[in-house]
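A.B. asks: Protein chains in written order, with my numbering: chain A, 1 to 672; chain B, 1 to 160.
Calculated directly from the structure, the hints in this document are not laboratory data.
These numbers come from a predicted model, not from an experiment.
Be aware that one or more of the hints could be misleading.
[Stated by the list, open to error] List time: in silico DSSO-like cross-link candidates among lysine-lysine, alpha-carbon distance up to 27 Å:
1) Lys502(A) with Lys121(B)
2) Lys121(B) with Lys304(A)
3) Lys277(A) with Lys419(A)
4) Lys367(A) with Lys229(A)
5) Lys275(A) with Lys121(B)
6) Lys145(B) with Lys502(A)
7) Lys468(A) with Lys275(A)
8) Lys418(A) with Lys397(A)
9) Lys367(A) with Lys114(A)
10) Lys312(A) with Lys145(B)
11) Lys312(A) with Lys148(B)
12) Lys145(B) with Lys367(A)
13) Lys114(A) with Lys277(A)
14) Lys367(A) with Lys121(B)
15) Lys145(B) with Lys397(A)
16) Lys62(A) with Lys145(B)
17) Lys419(A) with Lys446(A)
18) Lys121(B) with Lys496(A)
19) Lys246(A) with Lys419(A)
[Unchecked claim] Stretches of chain B that chain A covers, calculated by requiring three or more beta carbons in the stretch to come under 8 Å of a beta carbon on chain A:
20) 85–99
21) 125–132
[Said to hold, decoys possible] Listed next, with one range per pair, are the computed distances between beta-carbon atoms:
22) Gln360(A) with Asp141(B): 40 to 46 Å
23) Glu228(A) with Val12(B): 37 to 43 Å
24) Lys275(A) with Glu30(B): 21 to 27 Å
25) Ala315(A) with Asn135(B): 23 to 29 Å
All C-beta atoms, glycine included, are put in the ideal place defined by N, C-alpha and C.
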Amino acid sequence: MIFNRLELVNFRQFYGHQEVEFSASDRNVTVFHGANGSGKTTLLNAFTWLFYEKVSFTQDDKLASERALAEAEPKDIIEVRVTLDFEDDDVRYQASRSYDVMKHHDSDLTGFVKGRNLVVWYTDETGNRQKKANPRETLANIIPERLQDVFFFDGETIDQLTQINNEEQVQEAIESVMGITTLERAIRHLESAAKRFRKEAADKGSSELQELTLELQGLEDKVAEDSEKLTVVTESLDDIDQELTKIDDELRVLGAATELQERRDTITEALEQAKEKQAENLRDISEQISEYGHIPFAMDAIAKLGEFLDDKHAAGELESAVDSNVIESLLEDGRCICDRPVEEGSPAADQLSNLLARNQQTVVGTKGRILGTYLGDISENEQSFFGNLSELISNRKSLREEVQKHQAELSDIEFALKKIDDDHIVELETRRESLNKEQNTKLTRKGQLQESISTIEPKIERLENTIKNEQRKSTRADLAAKRQETCEYLQAAFEKTYDRQKNEVREEINTWVNDTFQSIIAKEFYAEVDESFRLQILKDVGDISAEEVDKSTGERQVASLAFIGSLVRLAYEKFTENDPASNYRGGIYPIVMDSPFGSLDPEYQQKVSAMLPQMSEQILVMVTDSQWSDAVQGELGDHAGYQYNLDVTNASDAASGYESTAIVPEEMEVVA
Amino acid sequence: MSDTTAGEESTVPPEVFYYHKNEAFDVLVEEERLFTSNTKLYVFAGMVGFHLGRHTTEYDENGEIRWSYIAGNNDLELPIAAIAYAYTQDPQVIDNQREQVRILTGFAASGANILVDEVIKQRGANLDNLLALINIDRDVDQRMKQSKMLAEIDATLTQL
């Protein structure tokens, strides 16, 4: 992906209509200079708001320019908009998110969001401009929301990547830059093939089988329908939440209610969190015991079975995962399970014949082979079961005490608020109560829908199994059922292979992560992503190598930058290799960073600056004037295609009386 | 290997089978929801019975389970096959899920009675008693070695 142009309309301090172009190719860096408070972080937020409707401002409802609101009349609508032109995978896009913000009264400098809009246009292969039906999904597919901290990052918090519990984020980052893999496609293809065989088995089976299949289809439709309703209820709850937030904001500034409201906000939030955690905790305990509680009692027997299967496998006495009947049918039909022809005498036909001959001499059948491929997983499940259970039990007691405490506090506050003698507070409180009732109704509806879905899903699973058993009874349906089982087995095997490849990518990235890290950090530290996908900084201690060390924020920042840079580099190399045999295709990712030099010593600043242009095909960097030192400028200046000044007009100097920022292009040297 | 031929006893599990459903199921599944289904508790009871070496052939068949609730779930199918193999030492049992169900049901009947004695009739919360039962003595080093070995066998058998 390459960003071409950004347009801001009344977005925070960027008053009116402003545009910037971004640099790519040889001079791949675009620099924004500005003093503290000039709007650097707002620019970063313009990207996250456009892509995910998320911002990191303290007052996240104040998106409209204060100056624009001050100049408007009550009931006027102000447009707040961010539009981005970009290219991804040779397709040109224009994404635009906007709010219609209404000014309430003369002194209203926040406004009320009356309308929200997100639209994504793209240019199709015939050159026509088309609108995407699911704009939110389109943007989330291009850069998934969980990766926003990786590709749109605040220099002050980027070190979080190296902290504990960020394994999931590191892992998802690796998966995302791998792109859509051949294996993922194969997994999806096998899933749909399994469904096709299920239908075929039903068509060829008994009337009871056909009825069961229809019942299954009905349940699947019901889950889809409930999921849609759930989305609508959830969106409506979001709207209620926003209005409640607005009322609470107002109560917070109405002298008599301020203190009580602020306390209520804090306690309500804490209570909701504690209750959610409590319910989740009980569900989790029950789920853990139900799913895995039996395994520890059988582990020794499982180990003995594993050893037996291993011996039989080594002796060639274990049947392959593909059933003999399926192999015979493939040879007879002259077609593979993926529908490709298998001609007599071809290598594929020979392979199938050999597999068939081997199957006929085995001692343990297909079931043994299939169960054997789950030995590692069940052992892992047992280990994680004990770890999870111990943590859940210790949380259980502390959550119960927390809930009781918050409930008592909240009851005291409600009593006190009702006794305040102020009509406006009473009016707001009344509206608040009504919204709370509506919220409760919708929350109940949401719960019902979630309950309905979670009740149906196990039924679907059981029905699928019943159908499989029914299929076995019918000779005509049996073959299709076995094909379906084979597809499911292959799907599981491919998923395991995918996990192995993810680890290979991790190892490949590790070399670059460490090289980059060591080229900047003079000390004898190493950086690596370990097997659990934790980004760590290590050092040799005596004879023991690679022990994790306490790190300064600067070192953690460098490790995080090295990781992001390595990811983007790998993705780019895979993308440009365009190797059809490769299992993943990679991609091009720009990086947008606010104050990347924040916690770095001057020496590190220079080295990081030298590294940045190599990190990605496109870098957008926001810096303060003090961070734009001679050393940084010396390294980055020659790579900067565009530079902009964030020119602030302070409230005291502005004719309007309100602060605003203009994005002013700097004149650049022309390079031949 | 070949499928069961005419005259041989079927190895396919019965679509519906019957088990000893005692007070443990009423309390731990219906009332306290510590188990998400009777099937999960039935398998749990079977493993407890196996672990303590208590198998019986004499029990009430007052509970009913469909095989389809178990089929396809490897976290259930693998332990069931494993205890059946450990109990019989017969390789044929690995492909004979009908026999596996018969063996498991015998262990589950004893196991369910143990749960009444050790969980429900003991003092204290049932959840706490259940957790005490699950926390069986474990040699952590031995389990790590076992886990590594199983992962290696798994990798060998997964190769396409």
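A.B. asks: Does the structure break any of the earlier hints, and which numbers would those be?
C.D. replies: Hints 1, 2, 3, 4, 5, 7, 8, 9, 13, 14, 15, 16, 17, 18 and 25 are the ones this structure does not satisfy, whereas the remaining hints hold.
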